[in-house]
Amino acid sequence: MLPDYLSNILTRKGGKRLLDAHSPRKIRDRPRRFRDFPIIDLDRCVNCGACADACPVGESDDQPPALEITDRGPVVHRERCIRCGLCAEVCPVGAIEVGALTREVEERITPPKPARVVVDEDLCVGCGRCRDVCPSDAIEVDDTARVDPDRCVLCERCIEACPVAGAIKIIPMDVEELSERWAERLKEALREAKG
Amino acid sequence: MERRRKGEGNVRVVDVETGEEVPISHKVPIGPNHPILKEPLRIKLAVRGEEVVDCKVEMGYCHRGIEKIMEGMPWQKAAFLAERVCGICSHAHNMCFVGGVERVAEGEPAPRGLFLRVLVQELDRIQSHLIANAAYFYSIEHETMFVWNMNTRERVLDCIEEITGNRILTGWNVVGGVRVDVTEEQLERVLETLEEVREDVKTYRRIAQTDPLIKLRSRGVGVITREHVRRYRVVGPQARASGVPESDMRLQEPVYPELGFKPVSRRRGDNLARILLRYDECLQSIDLIERIVDELPEGEHRRELEIRGGHVDNRVEAPRGELVYDMEISPGGVVRRVTIRTPSVPNIRVLEAIAPGCPSIADAVATYASLDPCVACNERFVVVDERRGKVLYEGRAREVIRACSRTT
Amino acid sequence: MRSLLERLKGFVRSRSIHVTVVNTGGCNGCDIEILACYTYRYDLEQYGIYYHNNPRKSDVLIVTGPVTYQWREKLKRLYRKVPEPKAVVAVGACACSGGIFNQNGGRVCGPVREVIPVDAEVPGCPPRPEEIVSAIVEVVPRLFRSWESRRGEADGAEA
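First to last, the sequence lines map onto chains A, B and C. Going by this note's numbering, the first sequence opens with residue 1, and the numbers climb by one from there. Going by this note's numbering, the second sequence opens with residue 196, and the numbers climb by one from there. Going by this note's numbering, the third sequence opens with residue 604, and the numbers climb by one from there.
Note that these hints are calculated values from the structure, not bench results. It is possible that some hints are incorrect.
With beta-carbon atoms standing in for the labels, derived distance ranges [as the list claims (entries may be wrong)]:
(1) B/R532 to A/I171: 31 to 37 Å
(2) A/D61 to C/D722: 23 to 29 Å
(3) B/K457 to C/Y653: 43 to 49 Å
(4) C/L611 to B/K239: 43 to 49 Å
(5) C/E717 to A/V118: 49 to 55 Å
(6) A/R185 to B/K457: 43 to 49 Å
(7) B/P224 to C/Y653: 21 to 27 Å
(8) C/D646 to B/L446: 37 to 43 Å
(9) A/R72 to B/E441: 57 to 63 Å
(10) B/K263 to A/C45: 29 to 35 Å
(11) A/D61 to B/E523: 25 to 31 Å
(12) B/K457 to C/D722: 51 to 57 Å
Every residue, glycine too, gets a C-beta built ideally from N, C-alpha and C.
Isolated chain A (complex conformation) (with noise of 0.2 Å):
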């Protein structure tokens, strides 16, 4: 009987094998931090643009900007991508995968914002328009206006279609109260890590 290396090298795969330059050969493993090239979410993007907004890489004359935002949703141009991950840095739901990176920035808490938008309920007229271009849903409307803080992303799309001048006002949040949220936020955290 032939030694097995000499029958693997006369079988059909073995002599590919030695005439074969491509050997297979183990590629070190992508870095954990990794930034790969955006996989945007459809089902979970608003279509608020703040990802093209932050894209450092704008368009020319001939060539579209890296992350544009088309009528079915942001769409990446890979060959105009420099990976940077700011998109996914900026995005309000999530939406954003970067490679690896997206871990890291979703295992830090997502911070309380910074803003909030208000109603003015003597002025608000109660047309709607606000509603219907509100990307995330976050307004009601009976008479007046009412913005749910959680699910608005700060656009800043209501401040522009209202027709009543300062209707909707978007208001920075008191700095104090800023830290009690962030308190319990990371309270919250501690208990579901523990729990």
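Fit chains B and C to the supplied structure of chain A, relying on the hints for placement.
Leaving out everything else, chains B and C in the frame of chain A:
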């Protein structure tokens, strides 16, 4: 011996002292694409036999208009653009830009962020010095040392990858600190890898010091004197190898004084001194990284700062020397105007002074490689004749020098 | 049906490839990532690909960087110097589309494919060495293996 050109191009070479014309036999243009050059640049040599009589460096193949694109960009985007001025010393550019914006902001950046920034900067310095030495050994056709240096560089890149997630062009700095925090295990892995790197670098330094062939090609070739350093404003390792240790900008940066940093220097100023000085600096950087890991402050890695805007002039010691960002920032962090002065401009120009007198063309080429040239850094400058709408100069070295002397 | 000689030629061509790297004014990042392909870890030479940098002797041009205005004519001239059969691989976001420099205010003349014909593009800023290696190893031998038949078609079309 001082010589100057007369007339068009380098057809005639005239000795300044005697007024006699120096006979030349050939003109040798090198570049913009040539086996010894990794980047586009043209070197015009005038030779008599093998001896180099005159040298002229012509730049301008890399002009992309970065400073113009940066105008009107918020710092979040412009930081990525600053990084792409040069791929090898990318972290220094990013750090210099972000540090400049921080100086016109309210409040202090997070101390842990600053230490992590310096940690990555030192790693970046090691890999840049290793690639510079590898390029030198490739130019004197010592391929073994080339491959060894590049291989050690891969290990350093592993460390950078471990911390930041990318090999080069890391995008690691933000105003107020760094992007992501590091963990203890990551730092331990980095230190383990650096132990191996230290052994390697010590071996390479010993080989470069003792190998007779390397000594034959490098000792006494391309000497930069203190006079050259003063006249051409040579910066970085090139100046420190000629005995000017005070050219190190790290003495004035924020974190280094706490680490007890002292610049190293050598006296000879020839090719071999520059190579050995880079190895010295690699070892020094490894020591610095160990001290940084020991003294890393606890706390947050990033703070939100309020940017109030203004004019700022920030200096950082890049791997190749002093890097200056002269910026005008609007309130809120939008870049109004930025001028970048990179260390490679004077470092490449000094070749015009030290290449004449090289005994052979190959030595002139090796001298060029030993200056650690980085052409991508240089060209961001256009002079336009407005009446005719015609581009007169595009990133020519002399114009860049003149523009920079305004800022410095 | 290709003749045995043609198949042999294609086989030999796909196993011995000399490349030239041209930096057309990029930031150097892609260049040093290509240089890193020659270290032990990635080792491009085990696939029979040799880093040559002399356009007159090479088969493949690897172009990095957005083509600056100073490079435009020189790149065309360089492309004409490469003997047939030849292939062009554009590496990096700059070479594929002008990258971050091709926006308002930048002074680059667009992607490489508008200056010379390009066969393969590797996106990323910069692409990792394994991405570059896999692109060159996958695409380039395939181009040269089918060169004989493609040339036959072109000759037939002319005749």
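Hint by hint, here is what the structure shows:
1. B/R532 to A/I171: 31 to 37 Å: 34 Å, holds
2. A/D61 to C/D722: 23 to 29 Å: Since the Cβ atoms of A/D61 and C/D722 sit about 26 Å apart, the hinted range of 23 to 29 Å holds.
3. B/K457 to C/Y653: 43 to 49 Å: Cβ of B/K457 to Cβ of C/Y653: about 45 Å, so the range 43 to 49 Å holds.
4. C/L611 to B/K239: 43 to 49 Å: 46 Å, holds
5. C/E717 to A/V118: 49 to 55 Å: 51 Å, holds
6. A/R185 to B/K457: 43 to 49 Å: At 46 Å between Cβs, range holds.
7. B/P224 to C/Y653: 21 to 27 Å: With a Cβ separation near 26 Å, B/P224 and C/Y653 satisfy 21 to 27 Å, so the hint holds.
8. C/D646 to B/L446: 37 to 43 Å: 41 Å, holds
9. A/R72 to B/E441: 57 to 63 Å: 60 Å, holds
10. B/K263 to A/C45: 29 to 35 Å: Distance hint for B/K263, A/C45 holds at roughly 33 Å.
11. A/D61 to B/E523: 25 to 31 Å: For A/D61 and B/E523 the Cβ distance comes to about 27 Å; the hint holds.
12. B/K457 to C/D722: 51 to 57 Å: 53 Å, holds
Going through the hint list in order, the structure satisfies each hint without exception.
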